[in-house]
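> Between the sequences and the hints, there should be enough to build the whole structure, so can you do that?
There are 2 protein chains.
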Amino acid sequence: MEFTERQARIVEIVKNSSPITGEQIAAKLDLTRATLRPDLTILTMAGVLEARPRVGYFYKDKKKTSPYMERLRQLRVGDFKSLPISIRENISIYDAIVTMFTQNVGSLTVVGEGQTLRGMVSRKDLLKSALGKTDLQQVPVSIIMTRMPNIIMTTADEPVLEAARKLTLHQIDTLPVVEAFIDEKGEERYEVIGRFTKTNVTKLFVQIGSLGAQ
Amino acid sequence: MEFTERQARIVEIVKNSSPITGEQIAAKLDLTRATLRPDLTILTMAGVLEARPRVGYFYKDKKKTSPYMERLRQLRVGDFKSLPISIRENISIYDAIVTMFTQNVGSLTVVGEGQTLRGMVSRKDLLKSALGKTDLQQVPVSIIMTRMPNIIMTTADEPVLEAARKLTLHQIDTLPVVEAFIDEKGEERYEVIGRFTKTNVTKLFVQIGSLGAQ
Numbered sequence: 072m073e074f075t076e077r078q079a080r081i082v083e084i085v086k087n088s089s090p091i092t093g094e095q096i097a098a099k100l101d102l103t104r105a106t107l108r109p110d111l112t113i114l115t116m117a118g119v120l121e122a123r124p125r126v127g128y129f130y131k132d133k134k135k136t137s138p139y140m141e142r143l144r145q146l147r148v149g150d151f152k153s154l155p156i157s158i159r160e161n162i163s164i165y166d167a168i169v170t171m172f173t174q175n176v177g178s179l180t181v182v183g184e185g186q187t188l189r190g191m192v193s194r195k196d197l198l199k200s201a202l203g204k205t206d207l208q209q210v211p212v213s214i215i216m217t218r219m220p221n222i223i224m225t226t227a228d229e230p231v232l233e234a235a236r237k238l239t240l241h242q243i244d245t246l247p248v249v250e251a252f253i254d255e256k257g258e259e260r261y262e263v264i265g266r267f268t269k270t271n272v273t274k275l276f277v278q279i280g281s282l283g284a285q
Numbered sequence: 072m073e074f075t076e077r078q079a080r081i082v083e084i085v086k087n088s089s090p091i092t093g094e095q096i097a098a099k100l101d102l103t104r105a106t107l108r109p110d111l112t113i114l115t116m117a118g119v120l121e122a123r124p125r126v127g128y129f130y131k132d133k134k135k136t137s138p139y140m141e142r143l144r145q146l147r148v149g150d151f152k153s154l155p156i157s158i159r160e161n162i163s164i165y166d167a168i169v170t171m172f173t174q175n176v177g178s179l180t181v182v183g184e185g186q187t188l189r190g191m192v193s194r195k196d197l198l199k200s201a202l203g204k205t206d207l208q209q210v211p212v213s214i215i216m217t218r219m220p221n222i223i224m225t226t227a228d229e230p231v232l233e234a235a236r237k238l239t240l241h242q243i244d245t246l247p248v249v250e251a252f253i254d255e256k257g258e259e260r261y262e263v264i265g266r267f268t269k270t271n272v273t274k275l276f277v278q279i280g281s282l283g284a285q
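Protein chains in written order, with this note's numbering: chain Y, 72 to 285; chain V, 72 to 285.
Check the hints yourself; a few may be wrong.
Since the list gives no way to pick out one identical chain from another, each pair is judged satisfied if it fits inside one copy or across any two copies.
[Stated by the list, open to error] In silico BS3-like pairs for lysine-lysine, Cα to Cα no more than 27 Å straight-line:
| hint | residue 1 | residue 2 |
| --- | --- | --- |
| 1 | 99 | 86 |
| 2 | 131 | 274 |
| 3 | 195 | 237 |
| 4 | 274 | 195 |
| 5 | 86 | 131 |
| 6 | 131 | 99 |
Source of the hints: derived by calculation from the structure; they are not laboratory data.
Written out as structure tokens, the structure reads:
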């Protein structure tokens, strides 16, 4: 359970003096009710607090996790990933940018034989190189790509929630979805089987929310 | 309620022959159980189907909407938005790219007097112009920006779910959060008060999911 500092303070207040109204919690924190609204909504959704109309907030025994939240954690990357768009590391930065536009994606996986992950290039990486004096037509993409072991990856069976956390934590837009294998030299390699992006998370969020609507 | 075609077929099957197992639904659709898993999970989360262990899926009376989904729809853009990063339309494309890097954002709002929305520029727009023969230092950003009425916007009181839907539908990363006002000529204008992005949605998704965890 990961609270923000403010959420932790709200939970403490409700634990100590429930039932308590949103107005009263706000007064104790020297904040407005409007400022607290999103935290109260999230804590209630998560099943940490219970909101009873005209009474106020109660602290809920944590043993009773919301079944919806349980299901949310069962969703796996493999079921929501997109197809990977891959290039070879000897192609020019210019051609990489063109590929990004023709394929309409925000990042490319750079692969070797057998779709083995070699690197990642994002729109941001390409924009940075376009800003400098680099000859985009001559310089290969391998010069600017992010390489192992600096690539943050995910797997098909990782929970969507964990992959989404990686995206926010590392401030990136895309995770390559990989399958690990051992090559003939006994080294661990990663075959690229997909990509998982903030767009995938946003689509999933919309789908869950709109299905709940009447 | 917006179903994908496959979800609609699943719901139809469960309506007509419940209780029915995931295996049986998959057989009727000539698909594997694994392929159906995400749809079954989402339909169950949304409260459309009910899953009883060792029995199968039931169709649920829609009148009973999940209280969690109800709460999800109450979340407003204003509570989760980021600060806008704005530039003037006479600055060069080069300076716009530099601003994007120094501010570490994926898009910029172009504003006039009083933070009035004039345009939007994304990393994609800038990358496209960097690809051509444009003199990035000389050409102003107004030449490449998206202008009104082609800008998709949101407001502080719009549900997060609706804003997220706009992001996916229009394949964009950022919505400017605006407040409409009427200028001295009687025309409707929009003051930029924030930006709402796929990153905001992803962070919210992670927060909701991780709070539910034990």
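> Does each hint fit the structure? Answer for all of them.
Quick rundown of the hints versus the structure:
no., hint, result
1, 99 - 86, "within (14 Å within a copy, 50 Å between copies)"
2, 131 - 274, "between (31 Å within a copy, 24 Å between copies)"
3, 195 - 237, "both (18 Å within a copy, 23 Å between copies)"
4, 274 - 195, "both (22 Å within a copy, 20 Å between copies)"
5, 86 - 131, "within (9 Å within a copy, 35 Å between copies)"
6, 131 - 99, "within (20 Å within a copy, 42 Å between copies)"
Taken one by one, the earlier hints all hold for this structure without exception.
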